[in-house]
Amino acid sequence: GLSAGVMSPRLLKYNNNTLKANFFINVICFMCLSFSARAGGNWGFWSPWSACTTTCGDGNITRVRLCNNPPPQKGGKACKGVAMETQPCKNTLCPIAGGWTAWSHWSECSMTCGGGLKSRQRQCLNPAPQHGGKPCAGEAADYEASCWMHVCEPYNPCKDNTHSCHKYAECVYLGLASEVLYKCVCAVGFAGDGFLCGEDSDLDGWPDYSLTCKQNATYHCQKVIR
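Going by UniProt numbering, the first residue of the sequence shown is number 1, and it counts up by one from there.
Since the hints were made in silico from the structure, they are not lab data.
Ideal Cβ placement from N, Cα and C applies to all residues, glycine included.
Check each hint, because a few of them may be wrong.
[To be verified] Straight-line Cα separation of at most 20 Å, DMTMM-like style, residue types lysine to aspartate or glutamate; simulated pairs:
| no. | residue 1 | residue 2 |
| --- | --- | --- |
| 1 | K167 | E199 |
| 2 | K183 | D160 |
| 3 | K223 | D208 |
| 4 | K223 | D202 |
| 5 | K183 | E170 |
| 6 | K214 | E170 |
| 7 | K118 | E108 |
| 8 | K223 | E199 |
| 9 | K118 | E139 |
| 10 | K90 | D58 |
| 11 | K118 | E144 |
| 12 | K214 | E179 |
| 13 | K118 | D142 |
| 14 | K223 | D204 |
| 15 | K214 | E199 |
| 16 | K159 | E179 |
| 17 | K214 | D200 |
| 18 | K159 | E170 |
| 19 | K223 | D200 |
| 20 | K167 | D200 |
| 21 | K167 | D208 |
[As the list claims (entries may be wrong)] Just the calculated beta-carbon pair ranges, DEER-fashion:
| no. | residue 1 | residue 2 | range |
| --- | --- | --- | --- |
| 22 | L176 | N216 | 17 to 27 Å |
| 23 | E139 | G59 | 35 to 45 Å |
| 24 | R63 | A137 | 37 to 47 Å |
| 25 | E85 | A141 | 47 to 57 Å |
| 26 | S146 | Y219 | 45 to 55 Å |
| 27 | L176 | P129 | 52 to 62 Å |
| 28 | P154 | E108 | 15 to 25 Å |
| 29 | A83 | T55 | 18 to 28 Å |
| 30 | L125 | I61 | 34 to 44 Å |
| 31 | A102 | S47 | 51 to 61 Å |
| 32 | L125 | H150 | 32 to 42 Å |
| 33 | G115 | P95 | 39 to 49 Å |
Throw the hints in and build the complete structure from the sequences for me.
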């Protein structure tokens, strides 16, 4: 037998091997636990796409995801890749309100005397309303009064050469107060009602031949036979 407190060499060798084995097992388990504790993160599901950033025209839609499936543990690596994605989107065309062009030049006065109007125009084409945009506010035409304010001369057919006298007659203006504005008087050597004049070689005030004057007119149109 062995005295108390003394191990046999065989038992001592066995105990040393056991201690070494236990040491290595503990180290490996610690490494496993450490690796498990530092596990990297993993992405969760993408969110639905957001609404377009604009109500009309070009914009963007966005979706996101979180690194939470699972999240990184105790210093583990973060998820690889992007947490947000963006894509272009396009809604209906945006309304465009109309705009006026510049005013045109003023027109000529509508009258030559007695007061008239001048006008100018513009168009709703700068730009024209599009896609339901508002029309131009205001007027497309502008008017200015009081041009050519001097008093008009009385209408005078003789002066304006708008009378109906014969070519061998003189137009005599009678004025606005008269029932008729003018009368026609055949020139010397001619006779008739002034609207028709025939030769009067004997200068008796009657044409040498019968004239077909205006209806019911007898003034020097037909020589009286006595």
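Each hint, compared with the structure:
1. K167 with E199: Holds, at about 12 Å.
2. K183 with D160: 14 Å, holds
3. K223 with D208: 8 Å, holds
4. K223 with D202: 12 Å, holds
5. K183 with E170: The hint holds at about 8 Å.
6. K214 with E170: 17 Å, holds
7. K118 with E108: 6 Å, holds
8. K223 with E199: Holds - the C-alpha atoms of E199 and K223 are around 12 Å apart, at most 20 Å.
9. K118 with E139: Given pair K118, E139 holds - Cα atoms ~15 Å apart, limit 20 Å.
10. K90 with D58: Holds. K90 to D58 sits at ~5 Å (cutoff 20 Å).
11. K118 with E144: 5 Å, holds
12. K214 with E179: Between K214 and E179 the Cα gap is close to 18 Å, so the pair holds against 20 Å.
13. K118 with D142: Holds: K118 and D142 sit about 8 Å apart, inside 20 Å.
14. K223 with D204: Status holds; Cα separation ~10 Å.
15. K214 with E199: 18 Å, holds
16. K159 with E179: 18 Å, holds
17. K214 with D200: Distance of about 19 Å is within 20 Å: holds.
18. K159 with E170: Since the Cα atoms of K159 and E170 sit roughly 11 Å apart, the hinted pair holds (cutoff 20 Å).
19. K223 with D200: Roughly 11 Å between the alpha carbons, so the hint for K223 and D200 holds.
20. K167 with D200: 15 Å, holds
21. K167 with D208: 17 Å, holds
22. L176 with N216: 17 to 27 Å: 25 Å, holds
23. E139 with G59: 35 to 45 Å: For G59 against E139, whose Cβ atoms are near 37 Å apart, the range 35 to 45 Å holds.
24. R63 with A137: 37 to 47 Å: At roughly 43 Å between Cβ atoms, A137 and R63 fall inside 37 to 47 Å, so the hint holds.
25. E85 with A141: 47 to 57 Å: Hint holds: Cβ distance 55 Å, inside 47 to 57 Å.
26. S146 with Y219: 45 to 55 Å: 47 Å, holds
27. L176 with P129: 52 to 62 Å: 53 Å Cβ-Cβ, so the 52 to 62 Å window holds.
28. P154 with E108: 15 to 25 Å: 23 Å, holds
29. A83 with T55: 18 to 28 Å: 27 Å, holds
30. L125 with I61: 34 to 44 Å: At 36 Å between Cβs, range holds.
31. A102 with S47: 51 to 61 Å: Since the Cβ atoms of A102 and S47 sit about 52 Å apart, the hinted range of 51 to 61 Å holds.
32. L125 with H150: 32 to 42 Å: 38 Å, holds
33. G115 with P95: 39 to 49 Å: Cβ of G115 to Cβ of P95: about 44 Å, so the range 39 to 49 Å holds.
Comparing the model with each numbered hint stated earlier shows that all of them hold.
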